[in-house]
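Novice: Let the sequences and hints guide you as you build the complete structure.
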Amino acid sequence: MTYRVGVVGGGQLARMMIAPAVELGIDIRVLAEAEGMSAALAATQVGDYRDADTVLAFARDVDVVTFDHEHVPQPVMHALLAAGVAVHPGPAALEFAQDKIRMRTRLAELGVPQPDWAAVSDADALQQFIDDHGGRAVVKTPRGGYDGKGVRVVEHGTEAADWFAALAEDARGGDLLVEELVDFRRELAQQIARSPRGEIATYPVVETVQRDGVCAEVVAPAPGAGARLTDVAAAMASEIANGLGVTGMLAVELFETTDDRLLVNELAMRPHNSGHWTQDGSLTSQFEQHLRAVLDLPLGLTAPHAPWTVMVNVLGGPAEGGLAERVPGAMSAHPGVKIHLYGKDPRPGRKVGHVNALGEELDDVAYEARAAAAHFD
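Residue numbering for the sequence shown follows our numbering, starting at 7 and increasing by one per position.
Just so you know, these hints were derived from the structure itself, not from any lab. Treat the hints with care, since some could be wrong.
[Unchecked claim] With a Cα cut of at most 25 Å, we get these calculated DMTMM-like pairs of lysine to aspartate or glutamate: (1) LYS344 <-> ASP370; (2) LYS344 <-> GLU366; (3) LYS155 <-> GLU175; (4) LYS344 <-> ASP286; (5) LYS155 <-> ASP130; (6) LYS155 <-> ASP128; (7) LYS344 <-> GLU29; (8) LYS155 <-> GLU39; (9) LYS350 <-> GLU331; (10) LYS155 <-> GLU76; (11) LYS155 <-> ASP189; (12) LYS155 <-> ASP168; (13) LYS350 <-> ASP286; (14) LYS155 <-> ASP181; (15) LYS155 <-> ASP383; (16) LYS155 <-> ASP218; (17) LYS350 <-> ASP33; (18) LYS350 <-> ASP383; (19) LYS344 <-> ASP369; (20) LYS344 <-> GLU326; (21) LYS350 <-> ASP54; (22) LYS344 <-> ASP383; (23) LYS344 <-> GLU367; (24) LYS350 <-> GLU41; (25) LYS344 <-> GLU223; (26) LYS350 <-> ASP218; (27) LYS155 <-> GLU193; (28) LYS155 <-> GLU205; (29) LYS350 <-> GLU76; (30) LYS344 <-> GLU331.
[As the list claims (entries may be wrong)] The following label-pair restraints were derived from C-beta to C-beta distances: (31) VAL220 <-> THR164: 24 to 30 Å; (32) ARG353 <-> ALA172: 23 to 29 Å; (33) ARG267 <-> ASP351: 38 to 44 Å; (34) LEU30 <-> ASP137: 52 to 58 Å.
For clarity, every value in this text was computed on a predicted model and none was experimentally measured. Cβ atoms here follow ideal geometry from the backbone N, Cα and C, with glycine treated the same way.
Specialist: As structure tokens, then:
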């Protein structure tokens, strides 16, 4: 029997599912948004993921549909279900990754620790929240933001006037999300996989380093993460995955506060940048695990290959020349580092690849990863 998986979205996450699919004998097909995208190797169709007829035609001969991103509209996913197509994660779960206010509401119902928050409909309500929370707050657009987009730290309610105006013109309407500005020590991420039958596989909690709202580095496992923190992070992720009915990979982004609490920051229901280290650092990569999970196959072991793995993103790329020309030099100088490029053209701030280094000593591993990534600047 050959399993057939259809991935909606042709970005780097779909691209990195191709290799484990080939290894497992899975027929992987990709609906890409345009020609020449990262996952072009498996792109069997190019079309608009917002059009139900296009997605239904793509899904006609697959066993399950999954996603490279969380932007597929709810009506399209419900059309797939109505046509008898298996969809993982399903629309009932994915809506909590698509709408941050719904996410916050549902996590509150589950009793999961998170920052103080409110849904605000105008500048006065935003100002009241700011005044009640020390004079500063984080305001977010509820839909569509990622990598620092759709997020602002504000001191005055008028600083989000353009977002309120945009929502007023949006047929869907709605509010902005405002959250307390958390006093955190560092950011962490907990990856977990859940299959339709309810099997769970948890990865080590990792530390993430953000620059300008974009993940720049990941250290696995999170340095100094004792048994209590590790257990709490895993338990929170498991509670969320079960409570939201997630199938596939789930990334739970966390704040470790200065008073030793863990608070949920964001959720992603797909392979995630904070899990790229697993490609080389874990017995089962997040990309293979996602395929296993959405097909309801037994999940793989998540133990690390080495005490430390460091992932460093290649952001932007070189100002002149291509990325591929830099590969031999990086290989020669850092033969133990694994290089992953996404087939994208360099552009300031764009994620165009990443490198993974692993070993016994964290300082040495971090140096190797950073130095190798620097070859692509």
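Novice: Taking only the CA atoms, is the gap from LYS155 to ASP181 under or equal to 25 Å?
Specialist: Since the Cα atoms of LYS155 and ASP181 sit roughly 17 Å apart, the hinted pair holds (cutoff 25 Å).
Novice: Does the alpha-carbon distance linking LYS155 and GLU193 stay inside the 25 Å limit?
Specialist: Status holds; Cα separation ~18 Å.
Novice: Quick one, are LYS344 and ASP370 close enough, alpha carbons at most 25 Å?
Specialist: 15 Å, holds
Novice: Given the hinted pair LYS344 and GLU29, is their Cα-Cα distance within 25 Å?
Specialist: At roughly 18 Å apart (the allowed maximum being 25 Å), GLU29 and LYS344 satisfy the hint.
Novice: Does LYS350 pair with ASP286 here, judged by a C-alpha cut-off of 25 Å?
Specialist: 21 Å, holds
Novice: Check the hint pairing LYS350 with GLU41 against an upper bound of 25 Å on the C-alpha distance.
Specialist: 12 Å, holds
Novice: Does the alpha-carbon distance linking LYS350 and ASP218 stay inside the 25 Å limit?
Specialist: Roughly 21 Å separates the two Cα atoms, so the pair holds.
Novice: Would you mind confirming whether the straight-line C-alpha gap from LYS344 to GLU331 stays at or under 25 Å?
Specialist: Roughly 16 Å separates the two Cα atoms, so the pair holds.
Novice: With the threshold set at 25 Å, check whether the alpha-carbon distance from LYS155 to ASP168 stays at or below it.
Specialist: Roughly 14 Å between the alpha carbons, so the hint for LYS155 and ASP168 holds.
Novice: Between LYS344 and ASP369, does the CA-CA distance stay at or below 25 Å?
Specialist: 17 Å, holds
Novice: 23 to 29 Å was suggested as the range; check whether the CB atoms of ARG353 and ALA172 agree with it.
Specialist: Distance hint for ARG353, ALA172 holds at roughly 25 Å.
Novice: Holds or violated: LYS344 with ASP383, Cα cutoff 25 Å?
Specialist: 17 Å, holds
Violated hints amount to a single one, hint 28; each of the other numbered hints is respected by the structure.
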